[in-house]
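Enquirer: Sequence:
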Amino acid sequence: MAISGVVSGVMSGGGLANLLLGIYPPLSTQYSKWAFSKWPNMIPGVGDLVELAYRGLIDHGTFLAIAAQNGFSKEWAENLYIGGTTFLPPGDYLKLWRRGELSEKDLEAFLLKQRFSLPAIEHIKKATEFFPSPQDLISFAVREVYSPEIVA
Numbered sequence: 001m002a003i004s005g006v007v008s009g010v011m012s013g014g015g016l017a018n019l020l021l022g023i024y025p026p027l028s029t030q031y032s033k034w035a036f037s038k039w040p041n042m043i044p045g046v047g048d049l050v051e052l053a054y055r056g057l058i059d060h061g062t063f064l065a066i067a068a069q070n071g072f073s074k075e076w077a078e079n080l081y082i083g084g085t086t087f088l089p090p091g092d093y094l095k096l097w098r099r100g101e102l103s104e105k106d107l108e109a110f111l112l113k114q115r116f117s118l119p120a121i122e123h124i125k126k127a128t129e130f131f132p133s134p135q136d137l138i139s140f141a142v143r144e145v146y147s148p149e150i151v152a
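Each step along the sequence shown adds one to the number in my numbering, with nothing skipped, and position 91 is 91.
Calculated from the structure, these hints are not laboratory results.
Just so you know, these numbers come straight off a predicted model, no measurement behind them.
Be aware that a few hints might be false.
[To be verified] The list that follows gives simulated cross-link-like pairs (lysine-lysine, BS3-like), each with its CA atoms no further than 27 Å apart: (1) Lys-95 x Lys-105; (2) Lys-74 x Lys-95; (3) Lys-105 x Lys-74; (4) Lys-95 x Lys-113; (5) Lys-74 x Lys-126; (6) Lys-126 x Lys-95; (7) Lys-113 x Lys-126; (8) Lys-113 x Lys-125; (9) Lys-105 x Lys-125.
Build the full structure now, drawing on both the sequences and the hints.
Expert: Right under this line is the structure:
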């Protein structure tokens, strides 16, 4: 009888504590903060892990180990790591292409990785074509008119 009384008391005390924590959210939040300060067990999410690995704050092995604790296989963790790379803005790729540093195929590959469609890439190419300003056109015309071949 005494054992059942103790078990009943513990169960009702635990039930009462759970009830109070559920009814009064600030108490639940405070309890969670206290519990995590005593027994820290949170690990960073995979996005934070990728950032930490790229900044050199954790090594690649630690990245893979914590990604596994988050439930990611090595293959998926590697894909997420590779996916964390940053691309240049599309305008910079277009400048490189216009300067002859990138082939048209490479330009399309980079822009497709940034989720541009092929028709959108064609529109971007057209939209970024160079057209001289009116002042430049006048300067070109004046230079042309006063060139030695024309004057003679």
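Enquirer: Tell me, in ascending order, the numbers of any earlier hints that this structure violates.
Expert: 2, 3 and 5
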